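*Asks:* Next come the chains, spelled out residue by residue.
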Amino acid sequence: MHTDPDHDIIERAVGGDHAAFRTIVEAYQHKALSLAQRIVKDRSVAEDAVQDAFIRMYRSIASFRGDSQFSTWVYRIVYTTCLNILRAQRRAPILDPLDEEAPPSWVEPEIFDQLDRSMIEEVLQDELQKMSPTYAAVMDLFYVKECSYEEIVRVTGMPLGTVKTRLNRGRVILRDALFVRLPELRP
Amino acid sequence: MITHDQLDRLIAGQLTPSEFDELSRIYGSETLRRILDGDAKLRESIVLVSAQPPTTNLMDRIDLSLEREASIPAWVTFLTRWGVLVGVVILAVAVVSVLPVLVESGAGGSSSVSPLLISVGAILLAVLGVALYLEYGDRR
Numbered sequence: 403m404h405t406d407p408d409h410d411i412i413e414r415a416v417g418g419d420h421a422a423f424r425t426i427v428e429a430y431q432h433k434a435l436s437l438a439q440r441i442v443k444d445r446s447v448a449e450d451a452v453q454d455a456f457i458r459m460y461r462s463i464a465s466f467r468g469d470s471q472f473s474t475w476v477y478r479i480v481y482t483t484c485l486n487i488l489r490a491q492r493r494a495p496i497l498d499p500l501d502e503e504a505p506p507s508w509v510e511p512e513i514f515d516q517l518d519r520s521m522i523e524e525v526l527q528d529e530l531q532k533m534s535p536t537y538a539a540v541m542d543l544f545y546v547k548e549c550s551y552e553e554i555v556r557v558t559g560m561p562l563g564t565v566k567t568r569l570n571r572g573r574v575i576l577r578d579a580l581f582v583r584l585p586e587l588r589p
Numbered sequence: 189m190i191t192h193d194q195l196d197r198l199i200a201g202q203l204t205p206s207e208f209d210e211l212s213r214i215y216g217s218e219t220l221r222r223i224l225d226g227d228a229k230l231r232e233s234i235v236l237v238s239a240q241p242p243t244t245n246l247m248d249r250i251d252l253s254l255e256r257e258a259s260i261p262a263w264v265t266f267l268t269r270w271g272v273l274v275g276v277v278i279l280a281v282a283v284v285s286v287l288p289v290l291v292e293s294g295a296g297g298s299s300s301v302s303p304l305l306i307s308v309g310a311i312l313l314a315v316l317g318v319a320l321y322l323e324y325g326d327r328r
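Quick note, the sequences are listed as chains A and B, same order. For the first sequence, the working numbering assigns the number 403 to the initial residue and increments by one for each residue that follows. For the second sequence, the working numbering assigns the number 189 to the initial residue and increments by one for each residue that follows.
Rather than coming from a laboratory, the hints here were simulated on the basis of the structure. Worth double-checking, as some hints may not be accurate.
Residues of chain B clear of chain A, computed beta-carbon distances all greater than 10 Å [unchecked claim]:
| no. | residue |
| --- | --- |
| 1 | Met189 |
| 2 | Thr204 |
| 3 | Asp209 |
| 4 | Arg213 |
| 5 | Ile214 |
| 6 | Ala262 |
| 7 | Trp270 |
| 8 | Val277 |
| 9 | Val284 |
| 10 | Val286 |
| 11 | Val291 |
| 12 | Leu304 |
| 13 | Ser307 |
| 14 | Gly309 |
| 15 | Leu316 |
Distance condition first, Cα-Cα at most 20 Å in a straight line; then the derived EDC-like pairs of lysine to aspartate or glutamate [stated by the list, open to error]:
| no. | chain 1 | residue 1 | chain 2 | residue 2 |
| --- | --- | --- | --- | --- |
| 16 | B | Lys229 | A | Asp528 |
| 17 | A | Lys443 | A | Asp518 |
| 18 | A | Lys532 | A | Asp444 |
| 19 | B | Lys229 | A | Asp518 |
| 20 | B | Lys229 | A | Glu523 |
| 21 | B | Lys229 | A | Glu548 |
| 22 | A | Lys443 | A | Asp528 |
The structure presented is a predicted model; accordingly, all values stated were derived computationally and were not measured. All residues carry an ideal CB built from backbone N, CA and C; glycine is no exception.
Put together the whole structure using the sequences plus the hints.
*Replies:* This is how it looks when you write it as structure tokens:
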């Protein structure tokens, strides 16, 4: 489960303590980077986005009221910063045909036992890299940041149903890609 | 077949014990175990491929940016935050100051201040307002 930095550090940062804010940056830089990477797809652009996002947080941290988890607030700023970058590059997702409903899907555990780990990692990396930014962001928030559906709604502003649909479709994409390497397991 | 809602709640750990028992009766506890096991392994693998160190020293870059940000004079920070509002106010002042002059000129009246001077001042204010908007308007 993701954890917020110590409550006292957040309060000090909200009060303008530069050192406390730096502690927050240290705690979140890698998580922010992995989310940004999933959205903008390019490592160098993702690092610029994370840098920009932390500056935005520094400017607006006084407005953090504690209505949501601090991590939700951080991820929301990273998410919107990345989408702004995509818009500026005219790469923002507009309509995604994958939003159609798919049958409820999960990934069979046998795949992970029978496929070589490096191959699994290669497939997942490829597919997450190719995945639409908003899908990949939802997958990252759920599987890496361990956000609840409701937290993902707060971060992305997507309706709850869309979050669940995209998670399911994301699993379908990864599952299908893994089955390509192991077709004999396909039910 | 398991429904979307059941799967979503099972994977998110949102089922109550009685709901879990009910699903076990319907689909079999082995099926639920495989779903949870597969999802846990998927999570583990996604976490692994997502954990990559930054190519540059990101922390140093952020530190530098924060130091620059902290050294920015208060009035610039004020404009960054309230630039749009300041721009709109200046624009409004410009419009309000030029309107009476135009009305008076149209009615053939006289003014103690040169209409040309006021118009030029208003245009300058308006340009300043628009410039502030363009410079700071999208950075809030």
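*Asks:* Lys532 of chain A and Asp444 of chain A were given as a pair; does the straight-line alpha-carbon distance stay at or below 20 Å?
*Replies:* holds (11 Å)
*Asks:* With 10 Å as the threshold, tell me whether Ile214 of chain B passes as away from chain A on beta-carbon distances.
*Replies:* holds (14 Å)
*Asks:* Quick one: work out the minimum CB distance from Val277 of chain B to chain A and report holds if it exceeds 10 Å, violated otherwise.
*Replies:* Per Cβ check, Val277 of chain B is outside 10 Å of chain A; nearest 21 Å; holds.
*Asks:* Does the claim that Val284 of chain B lies outside the interface with chain A hold up, using a Cβ gap greater than 10 Å?
*Replies:* holds (32 Å)
*Asks:* Lys443 of chain A and Asp528 of chain A were given as a pair; does the straight-line alpha-carbon distance stay at or below 20 Å?
*Replies:* Distance of about 11 Å is within 20 Å: holds.
*Asks:* With a cut-off of 20 Å on the C-alpha distance, tell me whether Lys229 of chain B and Asp518 of chain A pass.
*Replies:* With Cα atoms ~13 Å apart, Lys229 of chain B and Asp518 of chain A stay inside 20 Å; holds.
*Asks:* Please check whether the beta-carbon of Met189 of chain B is more than 10 Å away from every beta-carbon in chain A.
*Replies:* The assertion about Met189 of chain B is violated, with a minimum of 7 Å to chain A.
*Asks:* Run the C-beta distances from Val291 of chain B to all of chain A and say if the shortest one exceeds 10 Å.
*Replies:* Non-interface label stands for Val291 of chain B: nearest chain A Cβ at 43 Å, farther than 10 Å.
*Asks:* Are all C-beta atoms of chain A more than 10 Å from that of Arg213 of chain B?
*Replies:* At about 18 Å from chain A, Arg213 of chain B clears the 10 Å cut-off, so the statement holds.
*Asks:* Examine each Cβ of chain A, and state whether all of them lie more than 10 Å from the Cβ of Leu316 of chain B.
*Replies:* Fine: 23 Å to the nearest Cβ keeps Leu316 of chain B off the interface.
*Asks:* Hey, does Leu304 of chain B actually stay past 10 Å from chain A on C-beta?
*Replies:* Given that every Cβ of chain A is farther than 10 Å from that of Leu304 of chain B, nearest at about 42 Å, it holds.
*Asks:* Compute the least Cβ-Cβ separation between Trp270 of chain B and chain A, then decide whether it is above 10 Å.
*Replies:* Its Cβ never comes within 10 Å of chain A, the nearest being 12 Å, so this holds.
Checked against the numbered hints given earlier, this structure breaks hints 1 and 17; the rest are met.
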